[in-house]
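Starting from the known structure of chain A, arrange chain B on it as the hints suggest.
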Amino acid sequence: MNMKFLTAAAFSALTVMTPLMASAEDAPVRVAFLAASSQNGFNQAIYAGIEKAAKAFGGSVTTEIFDGEFSATKQYSQVEDLVAGGRFDALIITPNDTVGIATALEDATAAGLKVATTLFPVGPELSNMQPQVKGLTTTVATDPSIGARAQAEKVVEFCADKNPCKVAVIIGQLIYPFDNLRNETYKKVLGEHSNIQIVATGEGNYDPNASLKATQDILQAHPDINAILSNADQHLMGAEIALTDADIDLSKVYTIGGGLNQIAVDAIRAGKWNATLTQVPASMGAAALTAIVKSKRGETVPTWIDESKLRDIPQIVDKAWLDAHPDFVAEWQG
Amino acid sequence: MTDTRAILAGGRQAPRFSVASFAREYGVLVIIAALLIGLTLASDSFLTPRNLLNIVNQSAPLAIIACALTLVIIAGGFDLSTGAIFGVASVSAGWIAVNVDPVTAMIAGPLIGVALGLVNGVIITAFNVHSFLVTLATSLVYRGIAILITGGALIPVRIPEFAWLGREKVGMVNIAVIVFVVFMLVMMLLLNRTTFGRRVFAVGGNEEAAILSGIRTKLIKIATFAISGGAAGLAGVITVSRLSMASPQAGAGMELEAIAAVILGGTSIMGGAGAIWRSVSGVLLMALIGNGFNILNVNPFFKDLTTGVIIVVAVALAASKPRR
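Protein sequence lines, in the order shown, are assigned to chains A and B. Using the numbering used here, you'd call the opening residue of the first sequence number -2 and step up by one each time. Using the numbering used here, you'd call the opening residue of the second sequence number 51 and step up by one each time.
Hints in this document: simulated from the structure, not taken from any laboratory. All C-beta atoms, glycine included, are put in the ideal place defined by N, C-alpha and C. Just to be clear, a hint being listed does not mean it is correct.
For lysine-lysine, the following DSBU-like pairs were computed, each having C-alpha atoms within a straight-line distance of at most 30 Å [unchecked claim]:
1) A:159 x A:52
2) A:49 x A:71
3) A:184 x A:151
4) A:184 x A:269
5) A:71 x A:269
6) A:49 x A:131
7) A:185 x B:219
8) A:163 x A:185
9) A:71 x B:353
10) A:291 x A:306
11) A:269 x B:219
12) A:184 x B:353
13) A:163 x A:269
14) A:52 x A:291
15) A:159 x A:269
16) A:71 x A:131
17) A:249 x A:269
18) B:219 x A:163
19) A:249 x B:219
20) B:353 x A:163
Here are some, though not all, of the chain A residues that point toward chain B, as calculated from beta-carbon distances under 10 Å [claimed, not checked]:
21) 35
22) 37
23) 38
24) 168
25) 199
26) 211
27) 213
28) 238
29) 241
30) 260
31) 311
Examples of chain B residues toward chain A, derived with CB under 7 Å [said to hold, decoys possible]:
32) 295
33) 341
34) 350
The shape of chain A in the complex, shown without the other chains:
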C-alpha cells in the first residue's frame, strides 16, 4: 500500500467517524426515574434534581417519573414493563425493596439499560455501596449505619453529664431493613455508655401523627425523658407536639431527626429542635442522572457516589451551623 492510499483511507475513516463521535456526545438518552413514591416529598426532590441535571445536557436527555406507590411488587413490575417496553436507555431507582428488586434490575442491565440506584444500595448488604447487581452503573447513597452512628454520638455528647440519661427512639418501621440497621446502630452506640438508657422504642412510620401518638404514650411512662433520637424529621414534628402538650420544656430535651427538610431547618433555627442528619435528595438525583448519562455516552463513572460528600454541609446540621449559614435552604420541603 502506498502512502497516498493510506492517507486517503485515514481521511475517509475520520470523515465517517467524526459525525459518529459527535452524535455519541449528544445522542439522546431517555431516563426513567422509578420513585419509591412519586407523591412523597423526598422522592419529588430527587426527581427535581434529575430534571435539573437533564436540562444541563441541553435537550438531549429526557426524563419521566414512575410512581412506585411505596410498594415493592409495584416497582418490580415497573422495571419489567420498562425493560420490555424499550422506551428508555437508563433507569434511576429509589428502591422500595433493596433486596427483591435486584433480579429485575439485573434483567434491565442485561437488556443493555444503564441503571443507577439512589438513597440505598440494591442487594442483600445495606452497608455495601459497591455494585451487588451485575452491570449496575452507580449507587448514589451513604451507608445508613454511618448516619445513624453520627446521630447516636450526638446523643452521647448531650448525655455526657447526665446519669441516667433517658433516651426514646422513634424509628420508621422495623420491618424495613434500613430502619432495622439504624435501630441496631443506635442500640450499639448508646449501649456502650452505662449512663444512657433507651427507655422506649416507638415506630413513627414516617408519619407525624403516628410519632405523636407514640411519643405521647412514651411520655406517660417516662415524663422525665432526656433525649429523643429519630431517623426522620417527620417523627420529630409529632414528638415536638407531644412534648409541648405535656408541658415539657423543649430546651431541656435533646431532639435529633434525619432528612434535613425545610421544616427541620426552621425548627432548629427557632431553637425548637437540636439537630438533624443531612440528606440532599436533589443533589442525589442530579448526581445519579449525570453519572448515568455519562456512562451511556461511554465515559467511566464511579460505581459509588457518596451522598454525604455531594454538598459542603456537615453530616449533622445544628443551630450553630444554620446560624452561620442564614441563607441556607433545604433541598426538600418535608
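Coordinates of chain B only, in the frame set by chain A:
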C-alpha cells in the same frame, strides 16, 4: 322448676345469665376489661387519668369516623373512601387556614367531607353499584385530589387560631375529646331515637321490605355516606389542627382501621344490626393495645401480631352468638 312454672303459667321463659353468652354478646368489653386489668398490673403509668385521657384524645379522629361508619354498615353499605376523604379534607383545611382564614378552614373540612360523601352515595344509588366497589374507586380519585392540592408536599399550618381545635384543653380534657363525645352522642341519638335511625336499620336489615314499607332507601343510603364523609372531614381537621401540618398521605389506611373497629365492636357486617357504643369500644380496644405496647416498651414486632390475635378472638366471640 322455675322455668317449668313460668312455662306452665304461660309466661315467657326468663333468660338465664351465663358468662359464656355474656362474653359472646359483649366480647369487646370483656377484652377491654382484661386489657385494663393486665396493663394496670404491668405498669404504674397506665391507669392514670392523664393516660386514659391521652388514649381517648389520640383515638378521637378514628372514633369519629367509626361512629359515622357504623351508620353506613348498619344500612348495608361499606365505605372504603374515609381515609382518602380524611386526606382531602386535611389538605384543603390546611390550605384554607394558611391562605384564607383558620375558622373558615375548620368549617370547610367537614363540609368538603359531606360533599365527597354525597358523591359516593349518589354514584352508589344512581348506578346501583355495590358501595365496596364505588368507594374503592372514589378513594383513588380523592387521594389523587389531595396530592394535586399539595403537589405531594406537607403544608405547615402553624397558626394558633387553627391549633385550638386539636391542641387546646378545657381543664384536663382536650377540645378534640369534647368534640368526639358530642359527635358520638349525636350519632347515638340519630340512630336510636329518630325515624331516620329506624330507617337505617330497616334498609340494612331487609332493603326490599324497607322499599315496600315506603322508605326511600336511596335517600337513606346517600345520607349515611354523606354523614360518613362529613365525619372523615371533621377527623381530618382535628388531626391537621393537632399536628399543625397537613399531609396528602394523611389518613392512609385509616378506612381499614375504622372498619376493623366497627366490626370488632360487634356491628354486623351484613347490615341491619349494630350500635355506636360498640364501634367506640372497638376503637378504644385497638388504642389500648397501641398504648400498652408503647408504655411497656414491648418490641414493636409483636404489636401487629397481638392486634391481629385480639381481633380474631373478638370477632370469633361475636360470630359464636346463636343466630336467630
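Please work out if residue 249 (chain A) and residue 269 (chain A) have their alpha carbons no farther apart than 30 Å.
This hinted pair holds, its Cα atoms lying about 10 Å apart.
Using Cβ atoms only, decide whether residue 37 (chain A) comes closer than 10 Å to chain B, and label the hint accordingly.
holds, 6 Å
Is residue 71 (chain A) within 30 Å of residue 353 (chain B), Cα to Cα?
The hint holds at about 26 Å.
30 Å Cα cutoff - pair residue 184 (chain A), residue 269 (chain A):
Distance of about 25 Å is within 30 Å: holds.
Taking 30 Å as the top limit, are the C-alpha atoms of residue 163 (chain A) and residue 185 (chain A) close enough?
holds, 15 Å
Given the hinted pair residue 249 (chain A) and residue 219 (chain B), is their alpha-carbon gap at most 30 Å?
holds, 24 Å
A closest beta-carbon separation below 10 Å is what the hint needs, so does residue 311 (chain A) meet it against chain B?
At 25 Å from the nearest chain B Cβ, residue 311 (chain A) fails the 10 Å test, so the hint is violated.
Given residue 211 (chain A) as an interface hint, is the shortest Cβ-Cβ distance to chain B below 10 Å?
Since the shortest Cβ distance to chain B is 6 Å, the answer is holds.
Are residue 38 (chain A) and chain B close enough, Cβ to Cβ, to be under 10 Å, as the hint says?
Holds - the Cβ of residue 38 (chain A) comes within 10 Å of chain B, reaching about 5 Å at its closest.
Is the shortest C-beta separation between residue 168 (chain A) and chain B less than 10 Å?
Holds - the Cβ of residue 168 (chain A) comes within 10 Å of chain B, reaching about 8 Å at its closest.
Should the hint that residue 35 (chain A) touches chain B count as held when the rule is a Cβ pair under 10 Å?
holds, 7 Å
30 Å Cα cutoff - pair residue 184 (chain A), residue 353 (chain B)
holds, 20 Å
Hint violations for this structure: numbers 1, 5, 7, 31, all remaining hints satisfied.
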